[in-house]
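A.B. asks: Protein chains in written order, with this note's numbering: chain A, 1 to 232; chain B, 233 to 576.
I should point out that these hints are in silico values taken from the structure, not numbers from a laboratory.
Glycine included, each C-beta is placed from N, C-alpha and C at the ideal position.
Any given hint could turn out to be false.
Covered by chain A, according to a simulated footprint, are these stretches of chain B (three or more residues, beta-carbon under 8 Å) [unchecked claim]:
1. 452-458
2. 462-473
3. 476-482
Straight-line Cα separation of at most 20 Å, EDC-like style, residue types lysine to aspartate or glutamate; simulated pairs [to be verified]:
4. 469/B - 345/B
5. 9/A - 28/A
6. 472/B - 184/A
7. 506/B - 184/A
8. 332/B - 505/B
9. 232/A - 387/B
10. 343/B - 180/A
11. 232/A - 561/B
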Amino acid sequence: MNIKVCMTKPFSPPESDDCTLVVFKNGETIVTPEYESLFLSSCQKYAQKYQVYLVSCLYESNGYLCMAMFDPQGNTLGVQQATHLNLEYLRRLRPSDQVEILATPIGNIFMSVDVDIYRPDVLRLAMFKGCDYIVSSQMFPLVDFSEERILFGARSASVANRMPVLQVTPFSSALMVPPEISPDGSGFLVYPTGKPVTVQFDWETAAISRKVLIDSLLSSSCFGRYRNILEK
Amino acid sequence: MDLLLRLSAFLASLRVTQSKIVRAVEALHIPPSSNLEFHDRRAVRVCAVQYELKNYSSLQEYVSDINGYIEKAVKTGAQMVVFPEGMSFSSLSLIPFYSKIESRLKGTQDKAEVLETLSEIFVDYLYEIYSTLFSHLALSHRIYIVAGSTYLYEDDTLRNRAHLFGPAGGELAVQDKLFPSGDELSIGMTGGERIEVTETNLGHLAMMVGQDDEYYEPFKIASLSGADLIALTASCKGKKDPFRAVGAVAARAYEYNVFCIRSTMVGRFVTGEKLSDQAGVYGPYPCAKEEHGVIACAPNDTEGCIVAARLDFQKLENTLDNYNSYSNDAISAQYGELFQDYVK
Numbered sequence: 001m002n003i004k005v006c007m008t009k010p011f012s013p014p015e016s017d018d019c020t021l022v023v024f025k026n027g028e029t030i031v032t033p034e035y036e037s038l039f040l041s042s043c044q045k046y047a048q049k050y051q052v053y054l055v056s057c058l059y060e061s062n063g064y065l066c067m068a069m070f071d072p073q074g075n076t077l078g079v080q081q082a083t084h085l086n087l088e089y090l091r092r093l094r095p096s097d098q099v100e101i102l103a104t105p106i107g108n109i110f111m112s113v114d115v116d117i118y119r120p121d122v123l124r125l126a127m128f129k130g131c132d133y134i135v136s137s138q139m140f141p142l143v144d145f146s147e148e149r150i151l152f153g154a155r156s157a158s159v160a161n162r163m164p165v166l167q168v169t170p171f172s173s174a175l176m177v178p179p180e181i182s183p184d185g186s187g188f189l190v191y192p193t194g195k196p197v198t199v200q201f202d203w204e205t206a207a208i209s210r211k212v213l214i215d216s217l218l219s220s221s222c223f224g225r226y227r228n229i230l231e232k
Numbered sequence: 233m234d235l236l237l238r239l240s241a242f243l244a245s246l247r248v249t250q251s252k253i254v255r256a257v258e259a260l261h262i263p264p265s266s267n268l269e270f271h272d273r274r275a276v277r278v279c280a281v282q283y284e285l286k287n288y289s290s291l292q293e294y295v296s297d298i299n300g301y302i303e304k305a306v307k308t309g310a311q312m313v314v315f316p317e318g319m320s321f322s323s324l325s326l327i328p329f330y331s332k333i334e335s336r337l338k339g340t341q342d343k344a345e346v347l348e349t350l351s352e353i354f355v356d357y358l359y360e361i362y363s364t365l366f367s368h369l370a371l372s373h374r375i376y377i378v379a380g381s382t383y384l385y386e387d388d389t390l391r392n393r394a395h396l397f398g399p400a401g402g403e404l405a406v407q408d409k410l411f412p413s414g415d416e417l418s419i420g421m422t423g424g425e426r427i428e429v430t431e432t433n434l435g436h437l438a439m440m441v442g443q444d445d446e447y448y449e450p451f452k453i454a455s456l457s458g459a460d461l462i463a464l465t466a467s468c469k470g471k472k473d474p475f476r477a478v479g480a481v482a483a484r485a486y487e488y489n490v491f492c493i494r495s496t497m498v499g500r501f502v503t504g505e506k507l508s509d510q511a512g513v514y515g516p517y518p519c520a521k522e523e524h525g526v527i528a529c530a531p532n533d534t535e536g537c538i539v540a541a542r543l544d545f546q547k548l549e550n551t552l553d554n555y556n557s558y559s560n561d562a563i564s565a566q567y568g569e570l571f572q573d574y575v576k
């Protein structure tokens, strides 16, 4: 299934009229609790106004770091709370223990909140729960931003779980797919760029290679033996 | 064809024997190195080999070429040298009638069939050269050698197995490839059931073969079983992934706090398939921040070379990273449950 996605600054109009999905990049800081209500209602209005599915940037809610998704009618489809936190956020926020997949008309989506994109256990849970693609939103101060942070995180997640990853940071947008289905073998349909991105992609193309991966994990005679280690 | 291959295998077993291999190694007059006389977790010297496949005209030429990589590595102070996946195939050109066999195999469409033929008919011959040669080279140089991998049958089951030889020449550990490739599955190869972590004088070592480095799980098991270092023996055919090193291997080093040495093979396989990949040494981001996780990397993906690096295992004890240091036990437990049903 082809969808056209626009990754852009919060509340900027989509670059193209026929976008299906908009993903907001993060601003300089995450949206703080005092603005939560205003932020979420503005997201609902945006989705309605432009008739798009919308994935929000990062915001704080009830002591959790969150992302939310809205449908073109402005309804909230779901909220994902971060299951892992960077050391700075860990001082004041709580981690969630839920990995939820949003079943939407544009695919089964996992919203990877901030550093969750670095966590293999989170990503594997998402894959086994039927995720078709990941929307990853990360917060970096400029001093920590590097291409490698994206390669270690979102790109690695795409390769290791055989699924597309749409990724935004305050400074970049990118779209990654398993290398074997990217035309140039690089694994990038859109290399990280600071400009707004509008791109069309078919999330179903990765389904076959993901099934091969899941089958090989299921048929491995190795991992059950080490379950006590894998669950640590 | 089958008759030609079987005749070749029979003649090869007469032409290349264990004693001839030993004599070929002895003819090199290799001085034993002192690289392992002093060992310290803060300064472990390792070397990944980017091996270039060649056609050899004699056993002596073959042994000299393999030894050339090790000799260069030893000169850098290497205490452990890692060769790539499928290293036993490096001696294939020594078989009688090789040119005829090669030209016929190049035209074969079914690459899995070629793999099956080679592994069935030449498996004993290739294994004997591989194990005898690397055992004696490890002994002669007095270093650890991860000899890449070789196909072998065990209880009628085909395996792709990596071997670690110690400085006394003994086989210290083996590791079967966990996830056979599509071609390997189609010829009935079986994936490994265990992940071995071996204590060496340098630190704890795990080995992985081929595309096992694309999976999180073996790294987690190895790391939590105490591995400081993972030797990845690779050999990639087909479309090259230009970001594989950083986007997969360095990512695994970052996720699981281990050093990784990845050896590769370049050149053309007997089927005509091109092999191109870069060898390298990788570490967790906080240990190799300046290098973005890539401690050392081969300059190209076309020529044989070595990639040497000095590693500080003590740094693994203090790799606090703002973005990756917290682990959620509840999530880990759910992840572990995924594997509950896999027990066979």
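A.B. asks: Need the status of pair residue 232/A, residue 561/B: alpha-carbon distance at most 20 Å?
C.D. replies: holds (7 Å)
A.B. asks: Does the alpha-carbon distance linking residue 332/B and residue 505/B stay inside the 20 Å limit?
C.D. replies: Holds, because 17 Å separates the two Cα atoms, which is no more than 20 Å.
A.B. asks: With a cut-off of 8 Å between beta carbons, are at least three residues of the stretch 462-473 of chain B near chain A?
C.D. replies: holds (count 3)
A.B. asks: With a cut-off of 20 Å on the C-alpha distance, tell me whether residue 9/A and residue 28/A pass.
C.D. replies: Holds, because 11 Å separates the two Cα atoms, which is no more than 20 Å.
A.B. asks: Going straight from one Cα to the other, do residue 469/B and residue 345/B come out at no more than 20 Å?
C.D. replies: holds (16 Å)
A.B. asks: Next pair to validate is residue 506/B with residue 184/A; report whether the Cα-Cα distance is within 20 Å.
C.D. replies: holds (17 Å)
A.B. asks: With a Cβ-Cβ cutoff of 8 Å, does the stretch 452-458 of chain B contain at least three residues near chain A?
C.D. replies: holds (count 4)
A.B. asks: For the stretch 476-482 of chain B, do at least 3 residues have a Cβ located nearer than 8 Å to some Cβ of chain A?
C.D. replies: holds (count 5)
A.B. asks: Are residue 343/B and residue 180/A close enough, with their CA atoms no more than 20 Å apart?
C.D. replies: holds (19 Å)
A.B. asks: Given the hint that residue 472/B pairs with residue 184/A, test it: the Cα-Cα distance must not exceed 20 Å.
C.D. replies: holds (9 Å)
A.B. asks: Checking one constraint from the list: CA of residue 232/A to CA of residue 387/B, max 20 Å. Satisfied?
C.D. replies: violated (34 Å)
Checked against the numbered hints given earlier, this structure breaks only hint 9.
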